[in-house]
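There are 2 protein chains.
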Amino acid sequence: MGISPFEYYQANRQQFLDGLISLLKIPSISTLPEHRPDIRRAVEFLAGELRGMGMKNVEIIESEKEGRHPLLYAEWLEAPGKPTLLLYGHYDVQPPDPVEEWHSPPFEPAIRDENIYARGAVDDKGQTYLLVKAVEGFFKTAGKLPINIKFLIEGEEEVGGEHIEEYVPAHADKLKADAAVICDTEMFAPDLPTLTTGLRGLVYTEVEARGAAHDLHSGMYGGAAPNPFQALAEMVTQLKGPDGKIRIPGFYKRVKRPSAAELAAWKRLPFKEGHFMKKEMGATALIGEKGYSVLERLWARPTLEVHGIRGGFTGEGAKTVIPAVATAKVSMRLVPDMDPKEVIKQFTAYVKKITPKGIKSTVRLLSSAPASVVSTESRWIAAAAEAMEQVFKKKTVYMRSGGSIPIVGVFQRSLKIPSVMMGFGLPDDNLHAPNEKFHLPNFYRGIEAVGRYFELLGK
Amino acid sequence: MGISPFEYYQANRQQFLDGLISLLKIPSISTLPEHRPDIRRAVEFLAGELRGMGMKNVEIIESEKEGRHPLLYAEWLEAPGKPTLLLYGHYDVQPPDPVEEWHSPPFEPAIRDENIYARGAVDDKGQTYLLVKAVEGFFKTAGKLPINIKFLIEGEEEVGGEHIEEYVPAHADKLKADAAVICDTEMFAPDLPTLTTGLRGLVYTEVEARGAAHDLHSGMYGGAAPNPFQALAEMVTQLKGPDGKIRIPGFYKRVKRPSAAELAAWKRLPFKEGHFMKKEMGATALIGEKGYSVLERLWARPTLEVHGIRGGFTGEGAKTVIPAVATAKVSMRLVPDMDPKEVIKQFTAYVKKITPKGIKSTVRLLSSAPASVVSTESRWIAAAAEAMEQVFKKKTVYMRSGGSIPIVGVFQRSLKIPSVMMGFGLPDDNLHAPNEKFHLPNFYRGIEAVGRYFELLGK
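Going line by line, the protein sequences match chains F and P. Using the numbering used here, you'd call the opening residue of the first sequence number 17 and step up by one each time. Using the numbering used here, you'd call the opening residue of the second sequence number 17 and step up by one each time.
Hints in this document: simulated from the structure, not taken from any laboratory. Just so we're clear, the structure is a prediction, and the values are computed from it rather than from any experiment. One or more of the hints may lead you astray.
[To be verified] Here are the simulated DSSO-like pairs of lysine-lysine, each with C-alpha atoms no more than 27 Å apart in a straight line: (1) F:K294 with P:K373; (2) P:K376 with F:K335; (3) P:K306 with P:K269; (4) F:K369 with P:K261.
Generate the whole structure from the sequences, applying the supplied hints.
Right, here's the structure in full:
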């Protein structure tokens, strides 16, 4: 062979791009049943590549449940004494709607200005495929990998990931690894190598407020009848004040502030508040707790949000109903070290306490997940940072995300392993929107960075 | 002839009942286009009776607008020097749904325990028809009426009354009268002759709260993004406190408390708070302003109610959206002497003032109507009270209604006449519900009371 994996990466860009284009042409939209054959084609495509390059036990894992999509597993475990990484990605995509806003068809990849435009380009086919290509480089040059590798690729990330969430805990021995690599996030800014080291958790509830036994006419009863909307408004303002502080007793008790070093590093990130507010959000003001930077509020402070209020009359015109019931969807984002179970208890007790006279309230839990954070001191993170720096020639930055990536929690809970979130997307890549793209230099740098990571861990 | 109208009423009960049954058999549901032929049959039925008995210029008035239903007009103006009454009723009915809950078919009138069960029995065919029969008694005995009479009967009361609201102001000369008689209300309790002397007004608005330019993900933006639901909750609690007091500056300025005599009379009404709360509303508490009785709160105090809040996500499951826009339907009930225009101004200014940072609010007016009240000292009311007392052998009580009857406002504004609301329904007559009924003794007593009223006014 004679060449290194990195020379191989350099020499095979056109082949990598051709492969990516083939994968992107498959409309593997997980939410639409008519695309089941495409889901199948996408998973077969990746299975074929993994098998072809030398991965072992390549397995398309069917779900026993109707309407679910297969997982793809593959392993290579012939590096005794070396670490084992579990590589995660997903081959399914969001629907392309609204199709008319695309400048080129969503499933006919088009290259403009070093970007490849297609549904799934960055989320997550491009980023899944770069893991595959990084592994390929070692097989094609050294004939072996510097570490042990397991792939677990899902086809339901865009529809809730039910299959993988059931599969992982049931197969913890098979999936045993030292760390997971999740290639499904973004860089803080172009050319800035980024590791995502924390995610907020979530407690999502419905709060139902019930007044009279049946809907009442506001003419006949207004002034004596308890109004569930008024009650919910009072309760919402008592849950979170206009200062952004959540008033649930004990809520902040376990909140752990990021280290001074982490906060200082966030301050150095190229974040422009005005741009974020005006261009990204289209808002006229940012709200939230005083004394915390925007990034700290988004990444490391818990929040409480109302997502919708059901009940009464919301159609055209004027119906004067005082409804018997109104229901608010209320969620809380959690940060380390908040305990979802404890938060649910605190929330439920407080909601009961602040329920106004004449109203019966009920809290229903819809979902919950703890926050997760990986120490930047961890060897898995440190090596990933080092690998990215080698490729991008810049110091790797650490960010967190205010959202949740459920699989991180699944790996944490079921496999007891941290997730290294190496992502190569850009903030303007239009995830879930028309004209999704992937910046091709990041595709190639991503392959190389992952290769460097394997190499560093194998030393 | 030889007999009096009152002897005629006594002798013709079976004939009146047969006529009522025929009218109730016609399913004149104004909201369902497939019932247009029935609407036509109902108006022709009444026109035929009015023409037959001797009313003049009987006219079925078509609307120029598509999908509207005709008015029925008739007059007899041959009592010079005597007052003129404008008699109002409506011949359209609500749909009978849910049909399966009826004990006898809604358009096959059935008599059980002195009640006639049918859709429209009390609302308002029975009460419209008793006006017709009261007039008939004079024609059939004296050959003339003691006063001048105009009928104006509509076929759209259950769908908003658009036709009559346009017709009245455009034909004020034709409809000129001293007072209107509206036979579409109820008695406070069985056997208790009742006049409704006041109605609350209404200002109905939509309050839109707009945050960012587009929907945002609560994971990515929660903690910095203005949330329109949070804003609306804060605004609603500032509009009305938990004490039921409305906080809009100047809102109560023109509120005129009922006279001490009226308040004292309300206290004597057979009103049982516990029954009202538990049986009628199915509630566990009554809310509202301290220091005012329930009836005063319902009839003579303004209120503010939220009827629905649109926006965000209210479906099944957990979607973590912070919507760009949320809109609350908010109405206020007005009492004398509040001015709707002034209230709208106060409301709009105050909403603007309490709109939180980062939110743009807009108030849209959907409809408005002033409160109306007729003095119990008015000769039209006094004579009606006297007429009812003669028939029911009990002192007539005065109540108000917390709702609005838009036609009262139309007559007030366009014709400058008060409305005498003589109603013979009972609180348990199931208006707009399955098993609507009319208590037959009240049908006959209603005919007689209206006849006595004509006679008293003609003296």
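request  = State the violated hints by number, sorted upward, taking the hints as numbered earlier in the document.
outcome  = The structure breaks none of the hints.
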